[in-house]
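Undergrad: For reference, the chains in residue letters:
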Amino acid sequence: MRGPFTLAACLTFAVATTSGAFAQDAGAGQGRAAGAGGQGRAAGAGGQGRAGGQGRGQGRGAAAPSAPTPRWPDGKPILGSVPGQPVGGWGAGVTTLPQGQLDKIPFQPWARAAYDIRQIDQFEPHTRCKASGVSRQFSTPYGTEFVEVPDLKRMYIMDNGGPNSYRIIYLDGRSFPQNIPLTNYGYSIGHWEGDTLVIETRGLNEKFWLDTRGTPHTSQLKFTERLTRTDMNTMRYQATIDDPGAYTAPWTTADFNLRWRPGDELFEYICQQYNEGPTLMLGSQEEIDNTRFFVP
Amino acid sequence: MFDRHTRSRHDLRQPILEAGEELMTKRAVVAVMLTVAVGVVSLGAQHTLAAKFDVTKPLTLTGTVTQIDWANPYVHILMKVPGQPLPALWAVEVEGPIVLTDNGWSQASLPIGETIRVEGYAARDGSRQISGRSVVMTSTNKPVYVGTNGTPKARRVATGPTPRWPSGQPRLGPPPGETGYWGYPTRGGLLEDGVNVQMDRYGLLNNVADASKVAPMQPWALSLYRERQRTFLQRDPMYLWCKPPGGPRQFQQPYGFQFVEQPDFKRVFVLMGSANRNRRIIYTDGRKQVGQVNGNDDNPVFYGQAVARWEGDTFVVDTRSFNEEFWFDNGGLPHTEQLHLIERFTRTDMGTMRYEVTIDDPGAYTRAWKSTWNLNWVPGEETPYFLCMDNRP
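Chains as they are written, first to last, in the numbering used here: chain A, 70 to 365; chain B, -6 to 386.
Simulated from the structure, these hints should not be mistaken for laboratory data.
Do not rely on the hints blindly, as some may be mistaken.
To be verified - In silico lysine to any residue, SDA-like type, Cα no more than 20 Å apart, as pairs: (1) A:Lys145 to B:Gly170; (2) A:Lys276 to B:Gln60; (3) A:Lys276 to B:Asp257; (4) A:Lys222 to B:Gly373; (5) A:Lys276 to B:Asn384; (6) A:Lys222 to B:Pro168; (7) A:Lys222 to B:Lys281; (8) B:Lys259 to A:Asp220; (9) A:Lys222 to B:Trp158; (10) B:Lys146 to A:Pro246; (11) B:Lys259 to A:Pro219; (12) A:Lys276 to B:Trp234; (13) B:Lys146 to A:Asn248; (14) B:Lys259 to A:Glu217; (15) A:Lys276 to B:Ala64; (16) B:Lys281 to A:Gly332; (17) A:Lys222 to B:Thr172; (18) B:Lys259 to A:Gly153; (19) B:Lys259 to A:Gln154; (20) B:Lys259 to A:Pro246; (21) A:Lys145 to B:Pro169; (22) A:Lys222 to B:Pro159; (23) B:Lys281 to A:Glu334; (24) A:Lys222 to B:Val253; (25) B:Lys259 to A:Pro331; (26) A:Lys222 to B:Thr365; (27) A:Lys222 to B:Arg164; (28) A:Lys222 to A:Gly283; (29) A:Lys222 to B:Glu374; (30) B:Lys259 to A:Lys276; (31) B:Lys281 to A:Gln154; (32) B:Lys259 to A:Pro155; (33) A:Lys222 to B:Pro169; (34) B:Lys259 to A:Val218; (35) B:Lys259 to A:Trp141.
Given the structure is predicted, the values throughout are model-derived calculations rather than measurements.
Okay, chain A solo, but in the shape it has when bound (with noise of 0.2 Å):
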């Protein structure tokens, strides 16, 4: 395990997350690679072109004739798996939030400077493990899946990918509490405007990128997501950025599809169990202190 993987293993998994999220945007109908036995060589084979294993036995590549979009018998749309049909989940469709307007992003210089040098320095947190954080999760290739929990007034996001976590909208009408502890999925309170889910979050800190590209932020950061499930098959998804701490004004981004991959159950994938990154990067834990580690 700590041997012949080491940095093939720790590069492919950086080129899997990127690329593979590109393939996915694309549509190409890719099954996923093996699978949670062993993400280096799953990573692998993501990075080479994803012909991995089917699903299933159901092929991805067609895609389904699009069905209406699902509702509760309360007429709200159903934004995960229908009752009594198998559970799908939504593939990666968000690339870099601000894909066909980079130049009309009012950046401020310092959050440039830092998109430019992470264009050239992909040293990114997900690289390491970290939880993907809001819409970094939209992007990993191994995608999501939203679970629902109508009687629990709530909603979790399974992040298929990096260490296997969750996130949880809550969708009770509450409102913020005071002092949100500053954490990579943050707080998050969901409300409908219409047949739109508005997610918006808060508490967020800055060991997370916001997508594979290094979009930066702040822990000031407000951030709304705005998830609409227009058929069966796609849900469209767009981000608001107002973080005055990276950007001189709040920011739309333009609409990204996310796919439904029916039948696509989660599976376990543990980021930590073959990455080797951190070791390469930094030296193995037993070699690391908190004073190497912080010592200038």
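Given the structure of chain A, go ahead and fit chain B onto it with the hints provided.
TA: For chain B alone, coordinates are given in the frame of chain A:
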């Protein structure tokens, strides 16, 4: 019984203190909630103190605070200690952010530039780290990040009958519209039922000579278990690399877990407050225990393949296909890929979940054996937010 209210990480191998209890009744929708006021909220984030620090080497240092690393699993105060020819930077390890917050502390409680006097233990590996058993600001002579700052968060407990679905089946999670999670496990390490051996909440035996009594281990497993105990559990993959706590270990964790039942999809999620907010899926749709991607291609895994059925009021979970890359017990009992678990969950009332696990692993044990403990419902709260990877490189 231990729980996060009764001991701090530094009360190593001390008798468990009974917390002063002040009961106050509160009417909730289904349950009567009791608020238990306690002295200090202590929970312990991830590993026993002795895993990292040598408790036979006390140390006292005075230095100037340069940085606070407010992150899981433990908060670190970085301080500059005067010395010749140059000052040295030391890291002071105190409790994690969840425990400190529950006790009224915040990152702002200790300003950068303050001088502190720290009493604790030296790190085993000789690095410049000290455990912060006592941290005192010299300007005010007041403690910081140790004990409580004001009134600690009271623990609420729930009583009342077992909540049920309209079908009559017990609910494993909250009643409709409510919040809560399972925490405060009454046992910190696996131990065969009926065996009387003392261990701390991290599964560290008070006396390593007791090792052979803990479970019916094969000789190689006993040797390995003894070695892990002798080295204070410091080679724990969950601590070193944030590997998941698979098997019964997920129900021994200080930050608890949540059950989310989805009858519509015939599955139950275990959503953990520990590890990296991991999930485990238990299927009740009658499927076979095979890999989900391509036959057995995705076996073996950390959380195994779990299928379940109800036997009366007991949820019976059958799990196989574990890998060997993790410890399935806080205390470091070994397992092999042959591990087969039968876990029985019985919610005996609103506030109590009985957990009974049968461990059948012919690769490591001489016979199947059983361990039982209780989990307690924490009403009105979300599982604490803990990501093990937070302060990892």
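Undergrad: Next step is simple, just say for each hint if it's right about the structure.
TA: How the hints compare with the structure:
{"no.": "1", "hint": "A:Lys145 to B:Gly170", "in the structure": "holds, 18 Å"}
{"no.": "2", "hint": "A:Lys276 to B:Gln60", "in the structure": "holds, 17 Å"}
{"no.": "3", "hint": "A:Lys276 to B:Asp257", "in the structure": "violated, 36 Å"}
{"no.": "4", "hint": "A:Lys222 to B:Gly373", "in the structure": "holds, 14 Å"}
{"no.": "5", "hint": "A:Lys276 to B:Asn384", "in the structure": "holds, 10 Å"}
{"no.": "6", "hint": "A:Lys222 to B:Pro168", "in the structure": "holds, 11 Å"}
{"no.": "7", "hint": "A:Lys222 to B:Lys281", "in the structure": "violated, 32 Å"}
{"no.": "8", "hint": "B:Lys259 to A:Asp220", "in the structure": "holds, 16 Å"}
{"no.": "9", "hint": "A:Lys222 to B:Trp158", "in the structure": "holds, 16 Å"}
{"no.": "10", "hint": "B:Lys146 to A:Pro246", "in the structure": "holds, 16 Å"}
{"no.": "11", "hint": "B:Lys259 to A:Pro219", "in the structure": "holds, 16 Å"}
{"no.": "12", "hint": "A:Lys276 to B:Trp234", "in the structure": "holds, 18 Å"}
{"no.": "13", "hint": "B:Lys146 to A:Asn248", "in the structure": "holds, 15 Å"}
{"no.": "14", "hint": "B:Lys259 to A:Glu217", "in the structure": "holds, 14 Å"}
{"no.": "15", "hint": "A:Lys276 to B:Ala64", "in the structure": "holds, 11 Å"}
{"no.": "16", "hint": "B:Lys281 to A:Gly332", "in the structure": "holds, 17 Å"}
{"no.": "17", "hint": "A:Lys222 to B:Thr172", "in the structure": "holds, 10 Å"}
{"no.": "18", "hint": "B:Lys259 to A:Gly153", "in the structure": "holds, 10 Å"}
{"no.": "19", "hint": "B:Lys259 to A:Gln154", "in the structure": "holds, 11 Å"}
{"no.": "20", "hint": "B:Lys259 to A:Pro246", "in the structure": "violated, 34 Å"}
{"no.": "21", "hint": "A:Lys145 to B:Pro169", "in the structure": "holds, 19 Å"}
{"no.": "22", "hint": "A:Lys222 to B:Pro159", "in the structure": "holds, 18 Å"}
{"no.": "23", "hint": "B:Lys281 to A:Glu334", "in the structure": "holds, 15 Å"}
{"no.": "24", "hint": "A:Lys222 to B:Val253", "in the structure": "holds, 12 Å"}
{"no.": "25", "hint": "B:Lys259 to A:Pro331", "in the structure": "holds, 17 Å"}
{"no.": "26", "hint": "A:Lys222 to B:Thr365", "in the structure": "violated, 33 Å"}
{"no.": "27", "hint": "A:Lys222 to B:Arg164", "in the structure": "holds, 16 Å"}
{"no.": "28", "hint": "A:Lys222 to A:Gly283", "in the structure": "violated, 33 Å"}
{"no.": "29", "hint": "A:Lys222 to B:Glu374", "in the structure": "holds, 15 Å"}
{"no.": "30", "hint": "B:Lys259 to A:Lys276", "in the structure": "violated, 36 Å"}
{"no.": "31", "hint": "B:Lys281 to A:Gln154", "in the structure": "holds, 19 Å"}
{"no.": "32", "hint": "B:Lys259 to A:Pro155", "in the structure": "holds, 10 Å"}
{"no.": "33", "hint": "A:Lys222 to B:Pro169", "in the structure": "holds, 8 Å"}
{"no.": "34", "hint": "B:Lys259 to A:Val218", "in the structure": "holds, 13 Å"}
{"no.": "35", "hint": "B:Lys259 to A:Trp141", "in the structure": "holds, 18 Å"}
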